[in-house]
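In terms of my numbering, the sequence shown is numbered consecutively and its last residue is 654.
Fair warning: there could be bad hints in the mix.
Straight-line Cα separation of at most 16 Å, EDC-like style, residue types lysine to aspartate or glutamate; simulated pairs [unchecked claim]:
#1 K437 with E524
#2 K483 with E473
#3 K437 with E526
In short, the hints are calculated from the structure, not lab data. Bear in mind the structure is a predicted one, so any value in this text is a computation, not a measurement.
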Amino acid sequence: MRYRSTVAAAALFCAQSAFAFDASTLDFEQQAYNYSSNYGFDTLALNQAQTQPQDNALRFNEAPAHRLPKYLSTAPEKDWDYLMGQTYTILGLSVATVGLMTLLPESVTNWTAEDRDFSNLSSKWWDNVSAGPVWDQDDHYLNYVMHPYFGGVYYTAARHSGFNEFESFLYSFTMSTFFWEYGVESFAEVPSIQDIIVTPLFGAAVGEWMYLTEQDIVANGGEVMGSDTMGGVSLFFLNPVGHIHHWITDMWQGDTDVRMNYDPWFNNQEAARYAADAGAPYDSQFISMQVSLKF
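Work out the full structure, taking the sequences as your base and the hints as a guide.
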């Protein structure tokens with residue numbers, strides 16, 4: 360899917376611009392272990408923890424005086440619920456990106472009218488999967504810059520959820536290959552050989568660098584070159600899924616229900632009868648994601 364990475368990056372930047380990070384608005388009990396100051400760290404406590412003998416030293420994320428919100432810390436053990444929540448966020452962002460791309464001109468997305476036709480999704484998906492993978496002709500910056508970045512985004516989601524390097528690589532591989540390349544993207548085009556290899560493999564290296572760099576910025580009080588603004592923007596792009604997931608779940612305090620639906624009209628028989636009476640054609644192929652929120 361040419362230019363999808365650029366569009367996704369733009370969408371993530373817009374999401375960052377749409378809200379300001381304000382520590383005072385956080386729900387500490389649900390989103391953080393313990394939170395103090397802008398980025399949840401206490402300089403004196405951090406220095407004390409770092410100067411302790413190695414065998415007794417507290418990990419930064421485990422020091423009770425300055426624990427961080429989840430998207431800026433690492434779970435002390437595997438947090439499957441948090442990883443699943445971030446996965447739902449990735450799913451929502453992917454669906455939104457695909458929806459946005461259907462509205463963009465062909466000169467931007469390289470999607471033909473046939474690619475935009477969703478009337479026969481199942482057969483189109485099967486045809487594309489059966490024909491691949493192939494060596495794509497996307498621009499180098501898409502294949503070797505943007506794809507490793509988004510592989511790193513998947514990777515950091517797992518790292519923040521308490522998984523080690525190899526486990527995070529497996530998560531990135533699963534998401535980039537089966538969820539995106541042979542999943543969402545295959546409804547529009549044939550899977551790419553470069554994407555299957557480059558996204559998870561290079562993404563693991565990029566993702567570990569993103570994860571460690573993020574920790575360095577947080578340990579520096581959230582500043583980059585003495586600027587809180589640069590620090591905030593850098594932290595967002597180093598872990599966009601974590602930030603967006605926090606923003607969304609904080610808005611409705613995590614009380615949500617997300618599920619896939621394959622029944623036309625969401626199995627609402629009254630709506631189906633009304634549509635039939637109005638002359639709307641019946642489409643047996645239907646897929647949607649239902650999100651129930653409680654404010």
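Cross-check of the supplied hints:
1. K437 with E524: 12 Å, holds
2. K483 with E473: 10 Å, holds
3. K437 with E526: Roughly 10 Å between the alpha carbons, so the hint for K437 and E526 holds.
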